[in-house]
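These are the residues of each chain, in order.
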Amino acid sequence: MLRKSLAAMLIGSALAVSPALSQQPPPAFEPRDETPEMYPDHPNREETFYFCIACHSFQIVAQQGLSRHRWDEVLTFMTERHKMPDVQGDDREKMLDYLSSAFPERQQRGWKNPFAPQ
Amino acid sequence: MARRRERSIEEMYAEDAERADAVAFGRRADVSRRGFLNGAGLAAMSAAVGGTIVHSATMPGGLIPAALAQEAKKAPEAAAAAKAPQPFSFPGKDPGLTLLGERPLVAETPEHLLDDETTPFSKFFIRNNGQLPDPPAQPDTWELTIDGEVNSPLKLTLGELKKRFAEKSVHAVLECGGNGRSFYTPSARGNQWTNGGAGCAKWTGASLAEVLKAAGPKSSAVYTAHYGTDQHLSGDPKQLTLSRGMPIPKAMEAEALIVWAMNDEALPNIHGGPLRLMIPGWPGSLSHKWLNKITLRDKEHDGPGMTGTSYRVPIQPMVPGGKPDSKNFKILESMPVRGIVTNPANGAKLAAGTRELALRGAAWAGDNSVKAVHVSTDFGSTWQPTQLGAPRNRFDWQRWTANIKLPSDGYYEIWVRATDSQDRMQPHVAPNWNPQGYGGNPMHRIAVLVG
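So the sequence lines, in the order shown, correspond to chains A and B. Its first residue numbered 77, the first sequence is counted upward by one per residue in this note's numbering. Its first residue numbered 5, the second sequence is counted upward by one per residue in this note's numbering.
Rather than coming from a laboratory, the hints here were simulated on the basis of the structure. These numbers were taken from a predicted model, which means no experiment stands behind them. Yeah, the Cβ is synthetic: ideal placement off N, Cα and C, and Gly gets one too. Careful: at least some of the hints might be erroneous.
[Unchecked claim] Partial list, computed: chain B residues near chain A (C-beta under 10 Å):
#1 L148
#2 S191
#3 A213
#4 P308
#5 T311
#6 M429
[As the list claims (entries may be wrong)] Take a look, some chain A residues computed to stay more than 10 Å from chain B by CB distance:
#7 N120
#8 E149
#9 V163
#10 D166
#11 R168
#12 L172
#13 D173
#14 E181
[Claimed, not checked] When the alpha-carbon atoms are kept at most 27 Å apart in a straight line, the in silico DSS-like pairs for lysine-lysine are as follows:
#15 B:K353 with B:K254
#16 A:K159 with B:K127
#17 B:K206 with B:K97
#18 B:K353 with B:K127
#19 B:K254 with B:K297
#20 A:K159 with B:K375
#21 B:K254 with B:K217
#22 A:K159 with B:K334
#23 B:K303 with B:K217
#24 A:K170 with B:K327
#25 B:K242 with A:K159
#26 A:K159 with B:K303
#27 B:K327 with A:K159
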């Protein structure tokens, strides 16, 4: 199961930041909570969401529009550069299923139509 | 800042809960934008852009009007999930900034908010790579180390730095290395900046060259390496968020500063205060925030952000979307020339009968200056020069103005094209595709409607 097998890794990284935080002054900026429901509903959404938000908001994921092959490169980059736990086999395929169907390669971006019919 | 979420993940997995607490904040990701009409004829296109396309005769076939330039494809489910863009909110910042992500906090400045000669704090873009450090209680005790290939390593507090070195100010553009990334097709990986990962502030601090000289660089010193205190997003204290560097000659330029003030105020925490580098002309990642160490090296730096395809561009153009060959990549140094219209805003509606329009904008060109800025209202068939101002100092942006004619009511696109002092012009489309989208400087286009 994707969720079960990833849980241990995630708890590991979560614990790394939790000690001794309670005495600190309030942080300079507190990001708002995100939930999986904010993102396109495709299979494996929850698993992918909770796996990725161990480090950053899902917003950076949802900003992308990539082919499956380039999503695969993103996962490799996350592991090589940012020490994301390596995910292989079935679990990787499930994550790629979600990412490439929820955030597929898009053609033209970066400019929004100010006069688009509503 | 990542605490709450970390705890909820921990709880969730420890208890094997079905999902985290589904408290909706009414926020939705901007995962899809409105679709694009297929095979529209001119009439349909005019209807779609909301007015007659006045210069339709010179509009090249197959060119998507600026007002329609958006995803041609979309996932229907994504469209259903798309809601209003997430609002941006940060103390003292203009809510008109575009939020790209909250953890890490990243927001860009829409072009029309870059209309000031000097970008105020409220409108300055935000780019963080790690966790935002809490501000120190006593900024003057902040410590900076200079070590590595030097004869006498230095450890200075900010207070000492201010006393020992002459204060110097420059007006300079700070620009994210990925500015313009969203213009690449197929899309490039990373924060989807339009042109707003840039701003021009007044930076005050000590000359980096003077500080480095005080440490006595050895002849073996060829490259810098920069370090700051922001923690990696994973929370692992052993991992560096980012550490980039530059060849010594760049570090020795007169305008390279160790900065403690922005626009005559103490450097704000969100912009790297109390101490950061300002290395104008090159990707913003060199202008390290929360700076606490500069190491001089006897070879090119290899920290996170220096290798692979990060902050690098292809030497020989690669097939867009293809597999990159890392041997074909070189470090992105000077940022490319870029011009923007800052007034009017994209989407401005002008009163019927308006026949003339005053334009304002800015242009900058990394290490170079801007030689000319031209504007076109007929999709690039003809161009008219603008009145281009001089920079206040090297690395300042240059403001420009122009008056254009609007022969009749209808839909117009205004394109702007800057040319740098080496005669390089902005291209039509983001050039030299690379997987992380560096160097994207296509012409800025805005659309206005008369009547």
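Here's how the hints hold up against the structure:
Interface restraint check: L148 (chain B) against chain A, minimum CB-CB distance 21 Å, threshold 10 Å, status violated. Nearest Cβ of chain A to the Cβ of S191 (chain B): about 5 Å, under the 10 Å cut. The hint holds. For A213 (chain B), the interface hint is violated, the least distance from its beta-carbon to any beta-carbon of chain A being 32 Å, above 10 Å. For P308 (chain B), the suggested interface contact is upheld, since its CB lies about 7 Å from the closest CB of chain A, less than 10 Å.
A hinted interface residue such as T311 (chain B) counts as satisfied when its beta carbon comes closer than 10 Å to some beta carbon of chain A; here the least separation is about 9 Å, so the hint holds. Taken as an interface hint, M429 (chain B) does not check out: its beta carbon lies about 19 Å from the nearest beta carbon of chain A, beyond 10 Å. Consistency note on N120 (chain A): stated as away from chain B, and its beta-carbon is indeed over 10 Å from all of that chain's, at 13 Å minimum. At roughly 7 Å, the least C-beta separation between E149 (chain A) and chain B is not larger than 10 Å, which violates its mark as non-interface.
Non-interface status of V163 (chain A) relative to chain B is upheld: no Cβ of that chain comes within 10 Å, the nearest being about 15 Å off. The non-interface label for D166 (chain A) is consistent with chain B: the shortest C-beta to C-beta separation is roughly 19 Å, beyond 10 Å. Once the 10 Å rule is applied to beta carbons, R168 (chain A) is consistent with being away from chain B; the minimum gap is 18 Å. Residue-level check passed: L172 (chain A) sits 15 Å from the nearest beta carbon of chain B, beyond 10 Å.
Consistency note on D173 (chain A): stated as away from chain B, and its beta-carbon is indeed over 10 Å from all of that chain's, at 13 Å minimum. A Cβ of chain B approaches the Cβ of E181 (chain A) within 10 Å, the least distance being about 5 Å, so the stated non-interface status is violated. The suggested pairing of K353 (chain B) with K254 (chain B) is violated, with an alpha-carbon distance near 45 Å, which exceeds 27 Å. Restraint check: the Cα-Cα separation between K159 (chain A) and K127 (chain B) comes to about 34 Å, which exceeds 27 Å; the hinted pair is violated.
Taken as a hint, the K206 (chain B) and K97 (chain B) pair is honoured in the structure, with Cα atoms around 17 Å apart against an allowance of 27 Å. Pair hint K353 (chain B) plus K127 (chain B) holds up; C-alpha atoms about 23 Å apart against a cutoff of 27 Å. For the hint pairing K254 (chain B) with K297 (chain B), the CA-to-CA distance comes to about 17 Å; that is within 27 Å, so the pair holds. Taking the CA atoms of K159 (chain A) and K375 (chain B), the gap is about 45 Å. The hint is violated against a cut of 27 Å.
Under the criterion of a C-alpha separation no larger than 27 Å, the hint pairing K254 (chain B) with K217 (chain B) is consistent with the structure, at around 14 Å. Using a Cα cut-off of 27 Å, the hinted pair K159 (chain A) and K334 (chain B) holds, with the two alpha carbons roughly 25 Å apart. Pair hint K303 (chain B) plus K217 (chain B) holds up; C-alpha atoms about 19 Å apart against a cutoff of 27 Å. Of the pairs offered as hints, the one joining K170 (chain A) and K327 (chain B) holds, with about 23 Å between alpha carbons and a cut-off of 27 Å not exceeded.
Between K242 (chain B) and K159 (chain A), the direct Cα distance comes to roughly 11 Å. Compliance with the 27 Å bound is thereby established for this hinted pair. Distance check on the hinted pair: K159 (chain A) and K303 (chain B) sit about 25 Å apart at the alpha-carbon level, within 27 Å; holds. Of the pairs offered as hints, the one joining K327 (chain B) and K159 (chain A) holds, with about 22 Å between alpha carbons and a cut-off of 27 Å not exceeded.
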